[in-house]
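> Listed below are the residues making up each chain.
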Amino acid sequence: MTEPVVKTDGHPENPQESPIKDEGLEAGVANLSGDRIEKVIHQILKDETAARFKAYIETCVHCGLCSNACHFYLSNDKNPAFSPAGKVKQTIWEMMKRKGRVAPDSIRRMSEIAHTECNLCKRCSMYCPFGIDIAYMMLVVRRICHKLEVTPLYIQDTVNSHSATMNQMWVKEDEWVDTLQWQEEDAREEIPDIRIPLEKEGAEIMYSVIAPEPKFQAELIYQAAILMKTAGVDWTMPATPGWDNSDMAMYTGDNEIMGRLKRKHFETAMRLRVKKIVMGECGHAFRSVYDMGNRWLGWRMPPVRIVHAIEFYYDLLKAGKIKIKKKYQEPVTLHDPCNVSRGGGLHEKARYVVNAICENFTEMHPNREHNYCCAAGGGVINCGPPYKLNRMRGNRVKADQIADTKAKIVIAPCHNCHSGLEDISRHYKLDVEIKFLINILYEVMEKPSQE
Amino acid sequence: MLPIGGCQMNQTKNWDWNTAEKIVSLKEWGDEANWVEDFQISGDGEQVAAIVNIGPEEFSVRTGNGQWDTSFDKIWNLRFLLDGRLAAFVSIDGEWTVAVDDNPWENRFEYVWNLVSSQDGAHIAAAFQADRKYGMVQDDAPWEQTYYNISEMAMSPDGSHTAASVQTVSLNEGEIGKFAAGVFTAALNGKAWNRNFTNVWKVAFHPSRESIAAEIRLGRSDYTIAVDGIPWNRNYNAVWEPCYDPATGAVTAPVRIGSAWYLAENGDILWDRGFVQLWHHLFSPDSRKIAAVVATDFGKWTIAVDGKPWRVNFDELVMDPVFSPDSQKLAAIVKNRGQWSIAVDGKVWDSHFDMTWKPVFSPDSQFAAVAVESEGGYTFALNGRIWNDRYQAVRDPVFSPSGDKMLLRYIHDGRYFRKVISTGDFPS
Chain Y
73 MTEPVVKTDG
83 HPENPQESPI
93 KDEGLEAGVA
103 NLSGDRIEKV
113 IHQILKDETA
123 ARFKAYIETC
133 VHCGLCSNAC
143 HFYLSNDKNP
153 AFSPAGKVKQ
163 TIWEMMKRKG
173 RVAPDSIRRM
183 SEIAHTECNL
193 CKRCSMYCPF
203 GIDIAYMMLV
213 VRRICHKLEV
223 TPLYIQDTVN
233 SHSATMNQMW
243 VKEDEWVDTL
253 QWQEEDAREE
263 IPDIRIPLEK
273 EGAEIMYSVI
283 APEPKFQAEL
293 IYQAAILMKT
303 AGVDWTMPAT
313 PGWDNSDMAM
323 YTGDNEIMGR
333 LKRKHFETAM
343 RLRVKKIVMG
353 ECGHAFRSVY
363 DMGNRWLGWR
373 MPPVRIVHAI
383 EFYYDLLKAG
393 KIKIKKKYQE
403 PVTLHDPCNV
413 SRGGGLHEKA
423 RYVVNAICEN
433 FTEMHPNREH
443 NYCCAAGGGV
453 INCGPPYKLN
463 RMRGNRVKAD
473 QIADTKAKIV
483 IAPCHNCHSG
493 LEDISRHYKL
503 DVEIKFLINI
513 LYEVMEKPSQ
523 E
Chain R
28 MLPIGGCQMN
38 QTKNWDWNTA
48 EKIVSLKEWG
58 DEANWVEDFQ
68 ISGDGEQVAA
78 IVNIGPEEFS
88 VRTGNGQWDT
98 SFDKIWNLRF
108 LLDGRLAAFV
118 SIDGEWTVAV
128 DDNPWENRFE
138 YVWNLVSSQD
148 GAHIAAAFQA
158 DRKYGMVQDD
168 APWEQTYYNI
178 SEMAMSPDGS
188 HTAASVQTVS
198 LNEGEIGKFA
208 AGVFTAALNG
218 KAWNRNFTNV
228 WKVAFHPSRE
238 SIAAEIRLGR
248 SDYTIAVDGI
258 PWNRNYNAVW
268 EPCYDPATGA
278 VTAPVRIGSA
288 WYLAENGDIL
298 WDRGFVQLWH
308 HLFSPDSRKI
318 AAVVATDFGK
328 WTIAVDGKPW
338 RVNFDELVMD
348 PVFSPDSQKL
358 AAIVKNRGQW
368 SIAVDGKVWD
378 SHFDMTWKPV
388 FSPDSQFAAV
398 AVESEGGYTF
408 ALNGRIWNDR
418 YQAVRDPVFS
428 PSGDKMLLRY
438 IHDGRYFRKV
448 ISTGDFPS
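Chains Y and R, in that order, give the protein sequences. If you want this note's numbering, it's the 1-based position in the first sequence plus 72. If you want this note's numbering, it's the 1-based position in the second sequence plus 27.
What the hints contain is simulated information worked out from the structure, not anything from laboratory work.
So, partial list: chain Y residues that the calculated Cβ filter (under 8 Å) puts toward chain R:
| id | residue |
| --- | --- |
| 1 | Gly-96 |
| 2 | His-218 |
| 3 | Lys-219 |
| 4 | Leu-225 |
| 5 | Tyr-226 |
| 6 | Asp-229 |
| 7 | Asn-232 |
| 8 | Ala-236 |
| 9 | Asp-246 |
| 10 | Val-249 |
| 11 | Pro-313 |
| 12 | Glu-328 |
| 13 | Arg-345 |
| 14 | Gly-370 |
| 15 | Arg-372 |
| 16 | Pro-375 |
Simulated pairs of lysine to aspartate or glutamate, EDC-like, Cα-Cα distance not exceeding 16 Å:
| id | chain 1 | residue 1 | chain 2 | residue 2 |
| --- | --- | --- | --- | --- |
| 17 | Y | Lys-171 | Y | Asp-107 |
| 18 | R | Lys-101 | Y | Asp-250 |
| 19 | R | Lys-385 | Y | Glu-273 |
| 20 | R | Lys-101 | Y | Glu-257 |
| 21 | R | Lys-160 | Y | Glu-247 |
| 22 | Y | Lys-347 | R | Asp-381 |
| 23 | R | Lys-385 | R | Asp-347 |
| 24 | R | Lys-432 | R | Glu-48 |
| 25 | Y | Lys-272 | R | Asp-65 |
| 26 | R | Lys-101 | Y | Asp-258 |
| 27 | R | Lys-101 | Y | Glu-256 |
Ranges between beta-carbon positions, derived for each pair:
| id | chain 1 | residue 1 | chain 2 | residue 2 | range |
| --- | --- | --- | --- | --- | --- |
| 28 | R | Asn-221 | Y | Asp-177 | 31 to 41 Å |
| 29 | Y | Asp-177 | R | Arg-236 | 49 to 59 Å |
| 30 | R | Asp-342 | Y | Gly-417 | 20 to 30 Å |
| 31 | R | Asp-129 | Y | Glu-291 | 30 to 40 Å |
| 32 | Y | Phe-202 | R | Gly-246 | 31 to 41 Å |
Only a predicted model underlies this, so the values are computations on that prediction, with no experimental measurement involved. All residues carry an ideal CB built from backbone N, CA and C; glycine is no exception.
Work out the full structure: start from the sequences and follow the hints.
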């Protein structure tokens with residue numbers, strides 16, 4: 073596959089000098105002093121990193137085996153600057169080697185590397201002979217950049233939305249409830265007595281989504297409501313903040329806002345006395361509620377059981393609560409979102425669901441926990457248009473993977489993957505359509521009105 | 028949303044504690060409507076109500092006394108107030124307002140939500156949006172000043188004041204500098220504090236004075252508490268919700284220093300022991316004790332009273348702590364290894380449940396009762412003893428003023444039951 077874009081456009085030939093303009097980085101760097109940088113680096117490394125970080129630093133033998141795991145490295149002609157070890161070398165090792173005495177411009181570049189050239193996908197950890205979690209190292213860099221207020225503008229704006237509204241897209245409280253009622257009304261055209269039950273205390277399930285759904289993908293809430301009704305699920309959605317399970321603060325190192333969001337989310341579920349939270353098709357949100365946010369708050373595991381949509385659909389199909397009218401006929405392939413496959417082990421259940429609803433499924437290679445990242449995750453797509461071209465160039469391998477399947481449809485059970493793969497498809501002219509599982513499930517399942 | 032569970036003793040003394048059982052059949056409600064949704068039961072158990080659909084985009088409210096005369100395009104958030112009135116958000120020709128006992132308020136809005144109530148239920152308020160500006164409407168009187176956004180709505184305990192976090196300055200996408208400089212503040216009765224902050228959360232009222240406190244963020248990493256717009260003189264890594272000491276008027280809040288949480292009062296550390304987590308702190312009725320949910324270590328949750336944790340801890344969660352009326356006991360919901368139960372002063376009931384609601388103490392502080400889910404149905408528990416029968420839905424139990432009787436409210440087999448029992452009726 074050849075890349076249809078001029079090679080030099082927007083690409084950092086010298087990784088130390090980025091041509092990309094980003095107001096968030098520029099304004100942050102303008103306020104930095106050497107003393108402040110040194111103080112923050114020391115504070116984070118001393119107070120917030122422990123044996124894990126030290127073990128990683130001292131264990132790495134610089135073998136470079138992580139390189140071939142990284143889609144950025146592979147897609148950028150094996151430029152070592154894009155290898156996982158190379159990214160660590162340019163950032164946290166540099167900070168440590170210089171004992172925190174790092175120039176403001178270097179902090180800018182380090183922020184750019186950590187936020188936009190690493191998806192925190194953890195594929196490299198699987199190739200590291202010692203299992204070093206390089207994503208964690210990049211998160212430490214992002215944490216330092218957060219404390220120095222050198223964070224890309226678009227993702228910082230998203231975090232600001234999180235802090236002010238408890239959702240990532242500035243959805244106001246009235247807009248949220250109004251959208252649910254609008255979707256309920258629309259769904260009644262299809263199933264007259266259908267409900268999107270609000271604030272139903274004691275329901276079995278709280279269904280949670282990420283803010284793009286009420287903002288511009290409301291049909292996903294509609295389709296979920298039809299699925300719940302069809303399967304006879306006892307469910308509810310909150311009418312208050314706490315409905316959004318997403319968390320870009322996790323990806324900017326703003327752990328305090330991450331914790332605040334997760335507390336709101338879990339306490340909303342606890343207030344409603346639900347047994348479990350079923351979350352829509354999102355990967356990073358799963359990581360935030362299942363791994364990072366809950367633990368920052370002091371919980372070993374989520375205080376309310378978390379069920380990702382993949383597992384939920386699997387359970388419904390396995391139990392016969394959803395029946396398939398006729399399988400989907402178009403040739404499909406499946407993208408494994410890193411956070412729910414490598415991070416959550418749901419790849420086999422995803423295949424069960426795909427095989428149950430699709431007639432013509434072709435694997436991409438590599439797959440399951442070895443699949444390549446979409447290059448959108450880890451907050452990279454949320455860093456916005458300035459980095460889009462680099463993001464496209466950083467994932468030629470994904471384009472090749474998809475093209476090789478000859479599929480017309482790519483199923484991506486994750487919002488960031490979905491958006492990222494749409495970009496990949498357009499950029500590399502793949503002519504594939506990206507779908508969520510629920511899109512196909514809704515289309516092929518038997519519904520009450522059709523029985 | 029509206030607190031429905033708790034009842035004050037002076038509210039319960041005039042209730043019917045003598046009739047053993049009252050039953051309302053609900054079966055015909057469904058027969059006479061297209062569908063019935065959101066059953067609600069009044070605090071005294073005398074009334075039951077639900078939203079009914081009676082035609083295309085035509086909804087009303089059904090009670091034991093019949094159907095409201097008025098129908099609406101849409102109804103949601105039907106709730107009994109603590110004084111027995113019935114309130115809901117209703118849509119009339121596409122405009123929204125609050126209806127109380129079949130009487131819609133005169134003011135109409137593009138949207139209303141988040142009903143809040145005074146302790147006695149006599150006063151209510153809600154957030155509203157009109158012409159893309161936001162405020163609160165209290166007993167049908169909207170704030171004169173409106174804002175670009177609103178959240179964290181609250182009402183004073185006596186219902187005389189309302190407050191919220193408000194956005195006073197417009198903000199476009201990507202204006203992160205403007206955001207950091209501060210576009211949010213708190214507003215009391217619609218009047219904003221004279222200073223903005225990066226964020227304002229969790230507005231808390233003084234129990235008797237016209238004073239509010241809130242969590243604030245100053246820039247990206249500095250957090251503190253502001254009281255009537257004036258920040259404490261020290262910043263922290265993070266803070267949680269403030270609370271007024273009812274006796275002294277001092278403001279207390281959990282604050283994070285380094286990686287540990289402490290309880291602070293007026294900006295000074297009150298509990299010198301730090302915790303992995305500390306939240307949901309509350310004062311005893313006599314104001315002499317403070318309790319909080321804490322994590323003493325990662326994944327080890329318990330209650331601390333005056334800074335001293337219970338000796339027992341729980342691996343999943345501890346929630347909804349409540350002091351007894353005599354301030355001598357404290358009960359909380361605990362979950363350990365997947366099992367829900369109640370702990371009183373660190374002693375866990377022998378019985379375990381699939382789910383529990385907030386415990387309720389008897390007026391003499393001798394009993395703690397709770398609504399629970401157990402063995403495939405809903406029922407009640409008293410000091411660890413479980414009621415024999417299971418129901419399809421229950422509400423929190425209520426003690427009589429003398430403490431020797433309990434009101435049980437439940438729905439089962441198409442009927443609503445109001446049952447008064449003796450506490451001695453619980454199986455031993």
